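Undergrad: Protein chains in written order, with my numbering: chain A, 1 to 240; chain B, 1 to 240; chain C, 1 to 240; chain D, 1 to 240.
Honestly, the hints are just simulated from the structure, not real lab data. Mixed in with the good hints, there may be bad ones.
Identical chains share a label here; the pair holds if one copy fits it or two copies do between them.
[Claimed, not checked] List time: in silico DSBU-like cross-link candidates among lysine-lysine, alpha-carbon distance up to 30 Å: (1) 109 to 140; (2) 238 to 119; (3) 238 to 20; (4) 20 to 106; (5) 77 to 20; (6) 207 to 109; (7) 227 to 119; (8) 119 to 140; (9) 207 to 227.
The model shown is predicted, which means the values in this text are computed figures rather than measured ones.
Number of protein chains: 4
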Amino acid sequence: MRTIRVTVWNEYIHEKKDTKVAEIYPKGMHTVIAEFLREEGFEVRTATLEEKDHGLTEEVLNNTDVLIWWGHLAHEKVSDEVVDRVYRRVLEGMGLIVLHSAHYSKIFKRLMGTTCSLKWREAGEKERIWVVAPWHPIAKGLGDYFELEHEEMYGEPFDIPPPDELVFISWFKGGEVFRSGCCFYRGMGKIFYFRPGHETYPTYYDKNVQRVIINAVRWAAPVERPKPRFGRVEPLEKLS
Amino acid sequence: MRTIRVTVWNEYIHEKKDTKVAEIYPKGMHTVIAEFLREEGFEVRTATLEEKDHGLTEEVLNNTDVLIWWGHLAHEKVSDEVVDRVYRRVLEGMGLIVLHSAHYSKIFKRLMGTTCSLKWREAGEKERIWVVAPWHPIAKGLGDYFELEHEEMYGEPFDIPPPDELVFISWFKGGEVFRSGCCFYRGMGKIFYFRPGHETYPTYYDKNVQRVIINAVRWAAPVERPKPRFGRVEPLEKLS
Amino acid sequence: MRTIRVTVWNEYIHEKKDTKVAEIYPKGMHTVIAEFLREEGFEVRTATLEEKDHGLTEEVLNNTDVLIWWGHLAHEKVSDEVVDRVYRRVLEGMGLIVLHSAHYSKIFKRLMGTTCSLKWREAGEKERIWVVAPWHPIAKGLGDYFELEHEEMYGEPFDIPPPDELVFISWFKGGEVFRSGCCFYRGMGKIFYFRPGHETYPTYYDKNVQRVIINAVRWAAPVERPKPRFGRVEPLEKLS
Amino acid sequence: MRTIRVTVWNEYIHEKKDTKVAEIYPKGMHTVIAEFLREEGFEVRTATLEEKDHGLTEEVLNNTDVLIWWGHLAHEKVSDEVVDRVYRRVLEGMGLIVLHSAHYSKIFKRLMGTTCSLKWREAGEKERIWVVAPWHPIAKGLGDYFELEHEEMYGEPFDIPPPDELVFISWFKGGEVFRSGCCFYRGMGKIFYFRPGHETYPTYYDKNVQRVIINAVRWAAPVERPKPRFGRVEPLEKLS
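The task is simple: from the sequences and hints, build the whole structure.
TA: Now the structure itself:
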């Protein structure tokens with residue numbers, strides 16, 4: 001099987017302007033994510049908002065099997081042209097993993113067709129993530145649940161289409177629940193939304209979080225098939 | 001139970017410029033659809049592209065429980081402002097029934113997040129529509145299948161998200177199949193895509209087609225609930 | 001529309017042998033459930049384990065649109081013949097509402113095809129039930145969540161097939177989550193599993209719980225259609 | 001990755017008593033299926049009805065990752081004990097691929113919880129199998145459709161639960177459609193029902209059919225995780 005090629009995209013702003021975040025992720029969240037993916041044997045590159053084309057040229061995307069997306073402060077600064085490009089590639093089969101506050105990214109909202117709104121609270125409370133799809137490849141190696149001692153809370157309702165597969169449900173100490181691992185199929189592409197990853201906590205160093213993202217990369221990699229044919233066609237059977 | 005208020009929207013172009021269509025639908029498809037819905041006891045109005053705001057003002061939409069949409073030639077002439085308005089109302093709970101070539105309407109593509117492309121052929125061939133969700137309210141009163149002697153063919157793949165409920169599958173004489181009755185849930189709204197209804201055939205006079213649309217109106221009517229609350233919230237439980 | 005005919009089935013054992021339960025439900029849980037359903041205008045009868053055929057004769061079931069089931073101590077005492085009878089009726093279109101500990105009833109396990117096992121704890125802790133399908137008829141009239149001050153805990157994993165529609169997710173103070181409102185379609189029938197209702201708490205007097213059960217009765221009522229035809233058939237089209 | 005261990009089970013009766021079938025499958029269908037799976041690199045054994053325990057001892061099943069099942073004439077001769085054993089293994093994570101007339105096998109009906117009835121006709125007519133889940137690993141390498149020149153017809157309604165994923169829809173020359181590739185998740189196990197494979201046609205020599213079964217084996221292989229914990233549990237959080 002061919003090595004899976006991953007591009008990790010990060011808006012990379014918090015890490016440069018907030019000391020607390022910089023201490024946790026001195027080279028940016030994308031660098032930490034890229035590292036544990038490389039150790040797993042994937043071919044990984046990174047891309048950020050400030051690069052030309054946000055680092056997501058046609059050439060980069062055409063050589064990406066799975067794109068990981070983290071954004072928060074600058075969703076509106078992502079150009080529509082790049083969003084269109086990513087959108088087309090997802091429908092062609094490129095996997096997309098949407099992390100945490102990227103629920104509000106242009107690309108996720110466009111693929112979902114809903115507002116992707118939710119409840120939230122920054123109180124560093126405990127999150128316990130329960131597996132509700134015990135058969136799912138993204139749950140490989142996980143027990144019934146895993147915990148993050150401090151995370152931002154996201155709560156229901158989460159304005160997304162009913163997930164095609166619901167893998168995780170989060171419990172928060174403050175009283176809310178959240179569908180925190182959601183799979184969607186769009187075109188030939190697979191999309192996984194994974195909730196954890198607030199910039200002020202060391203979430204992407206957590207071994208269970210890393211395992212989920214690794215599993216998701218394998219799950220989201222494209223299935224090779226000829227492109228579907230759309231448009232006007234002749235009959236396959238004789239019409240009388 | 002309150003009377004369901006339906007608005008039937010039609011771009012209303014084919015009927016005015018094509019003699020063959022005008023013979024079948026002299027006052028437009030919307031008028032025929034509105035009539036059989038009125039006979040069922042619904043409160044029905046119509047709206048067309050040429051009206052101010054395409055007949056879909058805030059006031060009209062705020063007083064619409066279920067919107068029916070037929071379009072083909074002029075999808076791009078529907079203003080983005082009106083599309084935004086319809087979009088918001090669907091997420092707030094207004095039902096939406098999308099007919100035939102409106103698979104390519106701006107509003108359907110926006111709610112689906114995919115291209116909504118498909119195969120097609122205009123050969124007036126036979127379509128046989130099979131019920132695959134025997135428990136579904138939209139299948140009420142239907143046998144295992146019903147037939148349309150002459151219809152345009154639509155064939156798979158149909159580039160939509162996996163339907164939340166698949167009600168009908170069509171068989172076409174020329175050799176194709178199509179997921180021709182598809183339910184989607186988005187926000188608080190219900191969406192039903194129903195395939196038949198090419199302008200050159202008298203499809204909307206067919207009693208089974210009428211029954212499906214009547215059933216779909218009842219199914220798609222809004223469920224009354226307080227609006228969901230999104231955004232920043234205080235903890236419901238004490239955090240330690 | 002015809003009045004919906006409901007049969008409320010209860011094993012009716014706890015209430016007769018446990019003082020604490022008898023104080024809450026002196027005439028049995030089925031009587032309390034039957035009362036609020038009657039007030040809503042449904043035609044309601046009750047049936048219990050000790051009756052001949054457990055009160056579920058062919059005649060009773062043939063005149064039942066929706067069957068509600070509560071059991072806990074005596075699942076194994078329900079005769080296989082009666083289970084077969086209920087099973088056939090569900091596939092023919094009779095709605096089935098399965099309450100709380102009836103997740104382990106013979107009829108639910110048979111319809112699910114899984115063990116229906118779960119985690120549990122009797123500690124009278126708080127349950128907060130969140131709506132995750134804001135468009136769903138069973139959520140009619142409910143806000144984003146409702147609370148039960150004291151309930152038994154049920155926790156994930158819950159060994160059921162992925163629900164065809166997931167309406168509610170419960171948060172429990174002790175740290176668990178649970179898919180507590182689950183819809184399933186089987187044959188022509190609709191099945192709703194609803195978690196709350198431990199016998200030692202006055203759960204079925206709660207107005208939100210009552211509203212859910214009322215909504216579920218309307219949702220689960222049969223859709224009238226001819227019976228599907230199975231078996232050997234002649235071709236509908238000429239074979240060459 | 002560990003080699004996937006497949007057991008191909010066949011009732012193996014038609015091939016021994018029907019000359020026409022024997023000519024196509026002189027050593028039984030299981031032998032042909034086993035061969036193309038071995039060529040793909042899987043570790044494959046076969047098992048048949050006439051063997052002790054039908055060849056499905058605890059030891060065999062404990063060393064099987066994916067079980068393939070073909071049966072038709074002798075569903076009732078499969079012992080309940082063996083069915084129980086297979087059932088438990090599927091819920092523990094063993095994949096199950098159910099072929100053609102095995103829709104009526106005890107194990108499939110038990111896992112589905114429905115009758116699994118359908119329409120059928122033996123007329124050797126053309127089947128065209130359309131891909132409706134272009135993103136699905138089971139569709140890997142397939143075009144928009146593939147054809148089988150002669151097959152038995154199976155038609156809707158097919159009395160199964162709504163598939164968790166619908167991969168294929170068949171078109172039949174005689175006028176019917178069928179959901180012919182259906183995925184189900186039960187417990188930790190994955191189940192794939194695949195329609196083609198009537199004993200009087202050389203279907204399992206077809207390269208596309210072989211490809212689908214190979215893809216399905218990979219998809220159905222177990223995901224390694226600790227067993228879920230069910231039953232009474234202590235609180236994870238302090239209860240006040």
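Undergrad: Up to 30 Å between alpha-carbons, please classify residue 119 paired with residue 140: within, between, both or neither.
TA: Both. Shortest intra-copy (29 Å) and inter-copy (21 Å) distances satisfy the 30 Å Cα cut-off.
Undergrad: First find the shortest C-alpha distance between residue 20 and residue 106 inside one copy, then the shortest across copies, and answer within, between, both or neither for a cut-off of 30 Å.
TA: Result: close within a single copy only, 27 Å intra versus 44 Å inter.
Undergrad: Between copies, within a copy, both or neither: which fits residue 207 and residue 227 at Cα up to 30 Å?
TA: between (37 Å within a copy, 20 Å between copies)
Undergrad: At most 30 Å between C-alpha atoms: does residue 227 with residue 119 qualify within a copy, between copies, both, or neither?
TA: between (39 Å within a copy, 13 Å between copies)
Undergrad: Can you give me the call for residue 109 and residue 140, within, between, both or neither, at a CA distance of at most 30 Å?
TA: Intra 28 Å, inter 26 Å, cutoff 30 Å: intra and inter.
Undergrad: How would you label the pair residue 238, residue 20 (within, between, both, or neither) given a Cα cut-off of 30 Å?
TA: Classified as between; 26 Å across copies, 70 Å inside a copy.
Undergrad: For residue 77 vs residue 20, is the C-alpha pair at or below 30 Å within one copy, between two copies, both, or neither?
TA: Within. Shortest intra-copy distance 24 Å satisfies the 30 Å Cα cut-off; inter-copy 50 Å does not.
Undergrad: How would you classify residue 207 and residue 109 at a CA-CA limit of 30 Å: within, between, both, or neither?
TA: For residue 207 and residue 109, only the intra-copy Cα distance (29 Å) is at most 30 Å; the inter-copy one is 36 Å.
Undergrad: Check residue 238 against residue 119 for me: Cα-Cα at most 30 Å, and say if that holds within a copy, between copies, both or neither.
TA: between (57 Å within a copy, 17 Å between copies)
Checked against the numbered hints listed earlier, the structure breaks none of them; every hint is satisfied.
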